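Chemist: As a plain string of letters, each chain reads:
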Amino acid sequence: NAGVTQTPKFRILKIGQSMTLQCTQDMNHNYMYWYRQDPGMGLKLIYYSVGAGITDKGEVPNGYNVSRSTTEDFPLRLELAAPSQTSVYFCASSDRVQNTGELFFGEGSRLTVL
Amino acid sequence: AQSVTQLDSHVSVSEGTPVLLRCNYSSSYSPSLFWYVQHPNKGLQLLLKYTSAATLVKGINGFEAEFKKSETSFHLTKPSAHMSDAAEYFCVVSDLAGRRALTFGSGTRLQVQP
Numbered sequence: 004n005a006g007v008t009q010t011p012k013f014r015i016l017k018i019g020q021s022m023t024l025q026c027t028q029d030m031n032h033n034y035m036y037w038y039r040q041d042p043g044m045g046l047k048l049i050y051y052s053v054g055a056g057i058t059d060k061g062e063v064p065n066g067y068n069v070s071r072s073t074t075e076d077f078p079l080r081l082e083l084a085a086p087s088q089t090s091v092y093f094c095a096s097s098d099r100v101q102n103t104g105e106l107f108f109g110e111g112s113r114l115t116v117l
Numbered sequence: 339a340q341s342v343t344q345l346d347s348h349v350s351v352s353e354g355t356p357v358l359l360r361c362n363y364s365s366s367y368s369p370s371l372f373w374y375v376q377h378p379n380k381g382l383q384l385l386l387k388y389t390s391a392a393t394l395v396k397g398i399n400g401f402e403a404e405f406k407k408s409e410t411s412f413h414l415t416k417p418s419a420h421m422s423d424a425a426e427y428f429c430v431v432s433d434l435a436g437r438r439a440l441t442f443g444s445g446t447r448l449q450v451q452p
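Protein chains in written order, with my numbering: chain E, 4 to 117; chain R, 339 to 452.
No lab work stands behind these hints: they were computed from the structure.
Please read all numbers here as calculations on a predicted model, not as lab measurements.
Incorrect hints may have been included.
[What the hints assert, rightly or not] Here are the computed lysine-lysine pairs in the BS3-like style, where the Cα-Cα straight-line distance is at most 25 Å:
| # | chain 1 | residue 1 | chain 2 | residue 2 |
| --- | --- | --- | --- | --- |
| 1 | E | K47 | R | K380 |
| 2 | R | K387 | R | K407 |
| 3 | E | K60 | E | K47 |
| 4 | R | K396 | R | K406 |
| 5 | E | K47 | E | K12 |
| 6 | R | K387 | E | K47 |
| 7 | E | K17 | E | K47 |
| 8 | R | K407 | R | K396 |
| 9 | E | K12 | R | K380 |
[Stated by the list, open to error] From the structure, some residues in chain R lie toward chain E, with a derived Cβ separation under 8 Å:
| # | residue |
| --- | --- |
| 10 | K380 |
| 11 | L384 |
| 12 | F442 |
| 13 | G445 |
Cβ atoms here follow ideal geometry from the backbone N, Cα and C, with glycine treated the same way.
Between the sequences and the hints, there should be enough to build the whole structure, so can you do that?
Modeler: Below, the structure is given as structure tokens:
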């Protein structure tokens with residue numbers, strides 16, 4: 004049972020480059036999220052999705068874009084990488100039907116922008 | 339609006355002694371509260387959750403937490419620390435009335451001394 008899978012696990016970007024962090028889940032969860040974790044901080048919500056075709060901004064959306072064409076996939080795109088986007092990114096999903104609020108997390112993607 | 343305050347950024351205990359990690363919350367709704375644990379270079383794992391059932395919640399690995407509405411607290415405890423408990427712990431409140439996203443505390447790093 005894979006759960007939430009994120010790729011890549013590590014990436015180094017130059018300022019101004021673009022990239023996409025991939026996230027897929029096999030639990031048929033409606034809700035999916037992208038968080039970023041900076042050193043010594045809790046997680047901050049970047050974007051979330053309540054179902055295929057529906058996305059919305061979280062607390063820190065600037066510099067990012069998302070799409071949700073299928074229930075399984077929720078990629079996060081960085082268009083013009085900046086040093087402030089150096090962080091660890093976590094994708095997560097949750098089950099709307101169970102409605103407990105519990106999130107299932109991927110193992111994270113560590114991004115460095117130089 | 340909702341928020342979480344973890345009162346200690348670092349806690350150090352000796353192996354075999356009790357653990358107390360403190361958390362206060364603020365929420366406009368009847369909250370769901372969680373403790374997540376993050377081991378180094380890993381994703382987050384659910385430790386325990388409170389969802390308006392019993393106020394004393396038992397989780398994995400001997401941890402438990404008590405929901406105290408009058409004190410708006412949700413402190414995490416364990417009677418006897420183990421070396422494997424060394425990790426980062428996050429207190430989290432869930433927005434069940436809306437997007438079901440989580441609001442994270444800033445984390446408490448637990449150090450366990452031999």
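Chemist: Would you mind confirming whether the straight-line C-alpha gap from K47/E to K12/E stays at or under 25 Å?
Modeler: 19 Å, holds
Chemist: So, F442/R near chain E? Judge it on the closest CB pair being under 8 Å.
Modeler: 3 Å, holds
Chemist: When the nearest CB of chain E is found for G445/R, is that gap smaller than 8 Å?
Modeler: 6 Å, holds
Chemist: Check the hint pairing K407/R with K396/R against an upper bound of 25 Å on the C-alpha distance.
Modeler: Roughly 17 Å between the alpha carbons, so the hint for K407/R and K396/R holds.
Chemist: Is K387/R within 25 Å of K47/E, Cα to Cα?
Modeler: Given that 25 Å is the threshold and the Cα spacing comes to 20 Å, the pair holds.
Chemist: Would you mind confirming whether the straight-line C-alpha gap from K17/E to K47/E stays at or under 25 Å?
Modeler: Holds: K17/E and K47/E sit about 23 Å apart, inside 25 Å.
Chemist: Does L384/R meet its interface restraint, that is, does its C-beta lie within less than 8 Å of any C-beta in chain E?
Modeler: 6 Å, holds
Chemist: Holds or violated: K396/R and K406/R, Cα atoms, limit 25 Å.
Modeler: 15 Å, holds
Chemist: Close enough to count: is the Cβ of K380/R nearer than 8 Å to one in chain E?
Modeler: Cβ of K380/R sits 6 Å from chain E, so the hint holds.
Chemist: Does K47/E sit within 25 Å of K60/E, going by the straight-line distance between their CA atoms?
Modeler: 11 Å, holds
Chemist: Holds or violated: K12/E and K380/R, Cα atoms, limit 25 Å.
Modeler: 11 Å, holds
Chemist: Tell me if the straight-line CA distance from K47/E to K380/R falls inside 25 Å.
Modeler: Cα-Cα ~17 Å, so holds.
In this structure, every one of the numbered hints holds.
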